[in-house]
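Read top to bottom, the protein sequences are chains R and Z. Numbering that gives the first Met the number 0 numbers the first residue of the first sequence as 0 and each following residue consecutively. Numbering that gives the first Met the number 0 numbers the first residue of the second sequence as 0 and each following residue consecutively.
Hints in this document: simulated from the structure, not taken from any laboratory. What you are looking at is a predicted structure, and each value in this text was computed from that prediction instead of being measured. Be aware that a few hints might be false.
No copy is singled out in the list; a pair is fine if it fits within one copy or between any two copies.
Stated by the list, open to error - Quick list of in silico lysine-lysine cross-link-like pairs, DSS-like style, CA-CA up to 27 Å:
#1 K81 to K116
#2 K23 to K115
#3 K116 to K191
#4 K99 to K81
#5 K186 to K32
#6 K133 to K32
#7 K22 to K81
#8 K133 to K115
There are 2 protein chains.
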Amino acid sequence: MARLFHVPLSPFCRKVRLSLAEKKIEVELVEEKYWEEDPDFMRRNPAGKVPVLRLDGVMMAESAAICEYIEETRPEPPLLPKDPVARQEVRRLVGWFDDKFHNEVTSRLLYERVNKKVMGQGYPDSGNVKAGAKAIRYHLDYMAWLLDHRRWLAGDAMTLADFAAAAHFSSLDYISDIDWNRSEVVKDWYAKIKSRPAFRSILADQVSGFPPPKHYNDLDF
Amino acid sequence: MARLFHVPLSPFCRKVRLSLAEKKIEVELVEEKYWEEDPDFMRRNPAGKVPVLRLDGVMMAESAAICEYIEETRPEPPLLPKDPVARQEVRRLVGWFDDKFHNEVTSRLLYERVNKKVMGQGYPDSGNVKAGAKAIRYHLDYMAWLLDHRRWLAGDAMTLADFAAAAHFSSLDYISDIDWNRSEVVKDWYAKIKSRPAFRSILADQVSGFPPPKHYNDLDF
Numbered sequence: 000m001a002r003l004f005h006v007p008l009s010p011f012c013r014k015v016r017l018s019l020a021e022k023k024i025e026v027e028l029v030e031e032k033y034w035e036e037d038p039d040f041m042r043r044n045p046a047g048k049v050p051v052l053r054l055d056g057v058m059m060a061e062s063a064a065i066c067e068y069i070e071e072t073r074p075e076p077p078l079l080p081k082d083p084v085a086r087q088e089v090r091r092l093v094g095w096f097d098d099k100f101h102n103e104v105t106s107r108l109l110y111e112r113v114n115k116k117v118m119g120q121g122y123p124d125s126g127n128v129k130a131g132a133k134a135i136r137y138h139l140d141y142m143a144w145l146l147d148h149r150r151w152l153a154g155d156a157m158t159l160a161d162f163a164a165a166a167h168f169s170s171l172d173y174i175s176d177i178d179w180n181r182s183e184v185v186k187d188w189y190a191k192i193k194s195r196p197a198f199r200s201i202l203a204d205q206v207s208g209f210p211p212p213k214h215y216n217d218l219d220f
Numbered sequence: 000m001a002r003l004f005h006v007p008l009s010p011f012c013r014k015v016r017l018s019l020a021e022k023k024i025e026v027e028l029v030e031e032k033y034w035e036e037d038p039d040f041m042r043r044n045p046a047g048k049v050p051v052l053r054l055d056g057v058m059m060a061e062s063a064a065i066c067e068y069i070e071e072t073r074p075e076p077p078l079l080p081k082d083p084v085a086r087q088e089v090r091r092l093v094g095w096f097d098d099k100f101h102n103e104v105t106s107r108l109l110y111e112r113v114n115k116k117v118m119g120q121g122y123p124d125s126g127n128v129k130a131g132a133k134a135i136r137y138h139l140d141y142m143a144w145l146l147d148h149r150r151w152l153a154g155d156a157m158t159l160a161d162f163a164a165a166a167h168f169s170s171l172d173y174i175s176d177i178d179w180n181r182s183e184v185v186k187d188w189y190a191k192i193k194s195r196p197a198f199r200s201i202l203a204d205q206v207s208g209f210p211p212p213k214h215y216n217d218l219d220f
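Using the sequences provided together with the hints, build the complete structure.
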């Protein structure tokens, strides 16, 4: 069986979990305290981070590389369109969330509030938290603009771009950092993706010391 | 003709330039001071960063997405192998350089020494510069380990992984931040890639206020 070394609230791990679940690939989840740099884990991924996936007898790292591998070896149901221009748009948006959104929002909210405590690195920096809370509004507005023109973020079909975004959103929603009142279309988009069977395992996550809010796993939030 | 909005020392822009040149796609280079957030540029890429490539009548952003598009529409000569596991390894290493190496090394050396001055953001932070200079040694050793086992970074053929790494290395070499004495195999690898015709335009770059060292464009450095 496939085995994923992960931490529950990592958006990069969640993106891989969503891809695997959508394609009905069973996976054993192994929680990995990657910041402790256990030598066995460092051998699996010298970059020292999660996700690391063992699939088809191969140890893989880097969420983008892993998702492309899954797509190439299990093309059904597709999470990338066939047309090169449309594929470019999907990958651009995956980059948007995993780079820009991650730096401006996730690292300033989730990492300050949760990761620091879990890793024993002290208290949240309030300047970072404030900057993250401010930046997410611009991102919500950009997504609303996209979703005014498209059914899903990258076009008419659900793709990896939606999973990348939903992975970040679900982790931030776990700590109540999403203002669902800002945009009706973004809320509708998240409700659609949240109700997919692929999302179930993510909605069941529990992080010790951080109980999720009531609405977190409510499909009618 | 293709048009690339770029800055000369950006490793992400250089990776795209190398891909285009290797596949003999002519491109017009337009220097873009992206940090000034010119409205025309922000329309081209709301993420507000370079590279942005206009190719086949389409405006594209995110270097990983751009390189995949080039590969899918101009497969010769290939910069990705055919086998999914080998492709995963190439993309893992592209991620290694564009994420890990970028955060630990490039952002602490190049951005402190050059970008801050060009953008009028003050003086280099010496703590960052010291941390970057320390971190690069580990990366050189990891590359040496890979190159002891393989002809190129990801296997027996030159790939996007080599271009991603060489893009960072060439930008750091422009400011003399690579210790070429640390590893003979890494130096040999860079000499091989530096002598390719695709590298010529990069070796001709000049940044005002930062003259390159003599060895920068010397193929026999």
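These are the hints, each one checked on the structure:
1. K81 to K116: neither (43 Å within a copy, 43 Å between copies)
2. K23 to K115: neither (33 Å within a copy, 48 Å between copies)
3. K116 to K191: neither (32 Å within a copy, 47 Å between copies)
4. K99 to K81: within (26 Å within a copy, 30 Å between copies)
5. K186 to K32: neither (32 Å within a copy, 35 Å between copies)
6. K133 to K32: So K133 and K32 pass the 27 Å test across copies only (25 Å; inside, 30 Å).
7. K22 to K81: Answer is both: 17 Å inside a copy and 22 Å across each meet the 27 Å cutoff.
8. K133 to K115: Answer is both; intra-copy 20 Å and inter-copy 24 Å each pass.
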